[in-house]
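One letter stands for each residue in the lines below.
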Amino acid sequence: MPKYLIERELPGAGALGPGELAAIAAKSNEVLVGMGGRAQWVQSFVTDDRITCIYIADNPESIREHGRCGGFPVTAVHRVAEVIDPITADRQGALR
Amino acid sequence: MTVGTSGGQTLLERASLLALLHGLHEDVAKQGEGRLVLVGGEPGAGKTSLVRAFTSPLPPDTILWGGCDSLRTARPLGPLFDIAAAVGGPIADALAGAGREGVFSATLGLLGGPLPTVLVIEDLHWADEATLDLVSFLGRRTAELHAMLVLTYRSDEVGADHPLTLVLGELATVGPARIDVPPLSAAGVAALAEGHDIDTGELYRLTDGNPFFVTECLSAGLDQVPVTVRDAVLARRSRLEPGARMALDAVAVVPSRAELWLLEALGASPAGLDGCVEAGVLVPVGASVSFRHELARLAVLDVVPPARRRELHRRAMDRLMTPPTGVRDHARLAHHAAAAADARAVAIHAPLAADEALALGARREATAHLELALRHGTALPLPVRAKLWDRLGTERANLAQLSESVEAFEEAGRLFAEAGDEVARAATLVRLSGVLGTAGRQVEAVELSDTALEILEPLGRTSELADAYGQRCAHLMLARQLDDAERWGQRAMALAAELGDELTLARVRVQSGVAKFMSGEDAGLTRIREGIALAERIGRPDLESLGWRQLGSGGGEIRRYAEAVPALRRCIEHAIRHEMPTNLLYASAWLARCHLEQGRWDDSSELVSETLRSPRCVGTTEITACTVLGRLRSRRGDPDAWTPLDRALELARETGHLQRLWPVAAARAEAAWLEGSAEREIDLVDEVHALADRLGYPWAREELGFWLWRSTGAAPAPGVTPFSLHGCGSPGAAAEAWEKLGCPYEEALARADTRDVDEVRLALAALVALGAEPAARLVRARLRTFGATVPRGPNRATRENPGGLSDRELDVLGLVALGCTNAEIGDRLGIATKTVGHHVSHVLTKLGARSRAEAVALAATRGIPLEV
Chain A
1 MPKYLIEREL PGAGALGPGE LAAIAAKSNE VLVGMGGRAQ WVQSFVTDDR
51 ITCIYIADNP ESIREHGRCG GFPVTAVHRV AEVIDPITAD RQGALR
Chain B
1001 MTVGTSGGQT LLERASLLAL LHGLHEDVAK QGEGRLVLVG GEPGAGKTSL
1051 VRAFTSPLPP DTILWGGCDS LRTARPLGPL FDIAAAVGGP IADALAGAGR
1101 EGVFSATLGL LGGPLPTVLV IEDLHWADEA TLDLVSFLGR RTAELHAMLV
1151 LTYRSDEVGA DHPLTLVLGE LATVGPARID VPPLSAAGVA ALAEGHDIDT
1201 GELYRLTDGN PFFVTECLSA GLDQVPVTVR DAVLARRSRL EPGARMALDA
1251 VAVVPSRAEL WLLEALGASP AGLDGCVEAG VLVPVGASVS FRHELARLAV
1301 LDVVPPARRR ELHRRAMDRL MTPPTGVRDH ARLAHHAAAA ADARAVAIHA
1351 PLAADEALAL GARREATAHL ELALRHGTAL PLPVRAKLWD RLGTERANLA
1401 QLSESVEAFE EAGRLFAEAG DEVARAATLV RLSGVLGTAG RQVEAVELSD
1451 TALEILEPLG RTSELADAYG QRCAHLMLAR QLDDAERWGQ RAMALAAELG
1501 DELTLARVRV QSGVAKFMSG EDAGLTRIRE GIALAERIGR PDLESLGWRQ
1551 LGSGGGEIRR YAEAVPALRR CIEHAIRHEM PTNLLYASAW LARCHLEQGR
1601 WDDSSELVSE TLRSPRCVGT TEITACTVLG RLRSRRGDPD AWTPLDRALE
1651 LARETGHLQR LWPVAAARAE AAWLEGSAER EIDLVDEVHA LADRLGYPWA
1701 REELGFWLWR STGAAPAPGV TPFSLHGCGS PGAAAEAWEK LGCPYEEALA
1751 RADTRDVDEV RLALAALVAL GAEPAARLVR ARLRTFGATV PRGPNRATRE
1801 NPGGLSDREL DVLGLVALGC TNAEIGDRLG IATKTVGHHV SHVLTKLGAR
1851 SRAEAVALAA TRGIPLEV
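So the sequence lines, in the order shown, correspond to chains A and B. Read in order, the letters of the first sequence correspond to residues 1 to 96 in this note's numbering. Read in order, the letters of the second sequence correspond to residues 1001 to 1868 in this note's numbering.
Keep in mind that the hints were calculated from the coordinates and are not lab data. Do not take every clue at face value.
[Said to hold, decoys possible] Now the in silico label distances, taken between C-beta atoms and shown as ranges:
#  : chain 1 : residue 1 : chain 2 : residue 2 : range
1  : A       : 43        : B       : 1359      : 54 to 60 Å
2  : A       : 37        : B       : 1600      : 23 to 29 Å
3  : A       : 73        : B       : 1163      : 43 to 49 Å
4  : B       : 1384      : A       : 37        : 52 to 58 Å
5  : B       : 1178      : A       : 40        : 17 to 23 Å
6  : B       : 1655      : A       : 52        : 42 to 48 Å
7  : A       : 36        : B       : 1096      : 40 to 46 Å
8  : A       : 36        : B       : 1600      : 22 to 28 Å
9  : B       : 1804      : A       : 46        : 41 to 47 Å
10 : A       : 7         : B       : 1675      : 43 to 49 Å
11 : B       : 1675      : A       : 40        : 27 to 33 Å
12 : B       : 1178      : A       : 73        : 48 to 54 Å
13 : B       : 1012      : A       : 16        : 55 to 61 Å
14 : A       : 73        : B       : 1824      : 52 to 58 Å
[Stated by the list, open to error] One side only, chain A facing chain B, incomplete, derived with CB under 8 Å:
#  : residue
15 : 59
16 : 64
17 : 76
18 : 78
19 : 79
20 : 83
Where is the CB? At the ideal position from N, CA and C, for every residue including glycine.
All chains, full assembly: derive it from the sequences and hints.
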């Protein structure tokens, strides 16, 4: 299944406490269980006014369904074309 | 009911599967929520033995057991007949003539006991269409039932094209437990072979651990392991007493299970049958016997000499003519008649079997029976053959086998002509013309409909003629030639009313009512509703469904949501109640389209995803659903908008119909525009626009004209829909019209093209609220061109618009377009003539025009609104 990057506009996200974040994550997990594997959560990055998430899902509708059921905003959905990191620079694969 | 023993075999290596089944059974008992269990495996893997071992400790009155049979053409609802024979009561009464719905609800009635009921249906790979419908009907309701539904099938015979695959795919959503019965391990085979003087390694190698093959080999008592299961079975047969062997041969000609009363007529002696049961080659099942496995039956049948086989089939046929139940089973009779090469008997029973199959909704089986009748019926009288071909044409069309249907109708037409029955021939041509229309062969369809009318008109006022008028109306309606459709519809209704032919009247009211409604006359609405009411009164749910479906999709196409949405909901409810999955999906796809247009994007997205997940979402339904999905994704800026839009275009091209092509073309143009390259889809839009123009259908012509204008600036012809208002330079009026229709997205886009910055800001807010990010981005860019330096409010003098003109210059240009002189313009605007001259020269410079006329023309092509 393709990987998606999801932008969620959430003013004040960076100020959320651990309890609030735990509640959000629990809600998200609950919705995902109900979706029977059509969407899987990889991780999320919380910044000042926005949460940016990585999900694996069968299509963008499943991402939106998850947002709708959990009450999470979905500002934009992007399909991840490729993931790169420092090792990508060395196409031979040998670490130096 | 009584269930045969599992042949006295110990079940090896099945403990975990048995525990799993018992665990599921306990869950059902505890939670009161039913479970669906799919048991797959290769032939001989021991599916039946496993399920029997599972049910044997359970209370017998909680077990219902039915099997599909391997008749060339399966008996419709065969498994339910097995169950009814065991339990009697309401299910038996329902099968005796309550129709499909009655039978389905009687089956639900069987599953409501205080203890969980276990309903076993075996060998689903042979199931007839009605049984498959029953399985999906029960399967979808699994959670609400206090029952365990256990279905067995040969997984290696169920390929992608197998009808069972479709049903299992649909049922995937209810979360079935899947059990795959694996072959035995080498140790398992060795354990089974204990006490036999046989090379167990060789036995394992040759049988691949197939339990049936293993036990056959062991029972054959040979020194060497036979190479095939057939050899093993035949070795066992050869060891039987002559009387038992004769009995075994008789049982082999009867598929599935053979009743003792039938076997008596086939000369199977009770002693012989007992011998077979003792030797373990046959198992008793109630008052019947059957082979331990279908593989064994086929192996034995194969060695019965042809003349003797035919004789046995003939005797079976004779005996089945007067069954002790008093009810003839025409499917079985046809099977034995065909095997006995008795053409006359096939020709009698196969069509009757087709009737029975049809009454239970088993269309595929009905078709197979008709084909059987025709294959054997070459000596039948001409008119009989002609009628059979005609029926076959209808059934094939219902199965969407269009080219095969055309062949059958052509043959029927030829035979009717030969028999000199002109009315019947013309009626066949009318039906053929309908099929050709559906297949997209419009020209031929209309020609044939002409021929039929030529034949029928001189022959008097008949129902066939009314049907022919109605068919002509339907063709014109499909081609969206709505005025002509209405004329033919009137004729058809008048004649059907005159003849008191209510069926034709209901059909034509629906078809012609839609045409009238779509051409903007509300009298059409009343007519469709009258047609639906009549269909309900004469008991034709298919026509009722057609009525709701046409009202919903036709109303949706002209954006009459107040009528379309409730009709689509009715169609969905009705389709669920009457098990019409095709119409259910068609109406769901259309409802998703209406939700999209009404700005209810979440509802639309949910519905369209669900619709597309169904494996039955094909043809026109798939076109609609893919178009909606593509539009949703492109409007939201979600990835992968082009995948569904490509699929929709591919399918729409196959139909060649405007009503299918137009929404796809518009959706693609919109998606390209949102990506910043509107011109990319121009060829497609141009082509479909030409088709719409030829047919003069406003909604199609004007939506496509609008996209031509967006991508090339070519001013569209004036029209009657908000699309043309928008394209012709009156976006404000278009926005109001969209608001009245209830289409917020189109409304916002029209508002965004006005010259009033406040309106544009409103449009932006509406787009953001809808989640229409790509369009919002375009509108933000347009707002920026108005300039941040521009104060809001009444002072709009220096604001700019996309043509780079100031508002005052635009006002001047608007008056220039009306043919005003500089002096007249000065009077109208209250400024000096000389100032007007400055404005005009600025306009010419900015537009790069050499004359006033050229300036007006350029403004039109660039989409600069000319308003006064």
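message: Under the constraints set out in the numbered hints, which ones does this structure not fulfil?
response: 10, 12, 20
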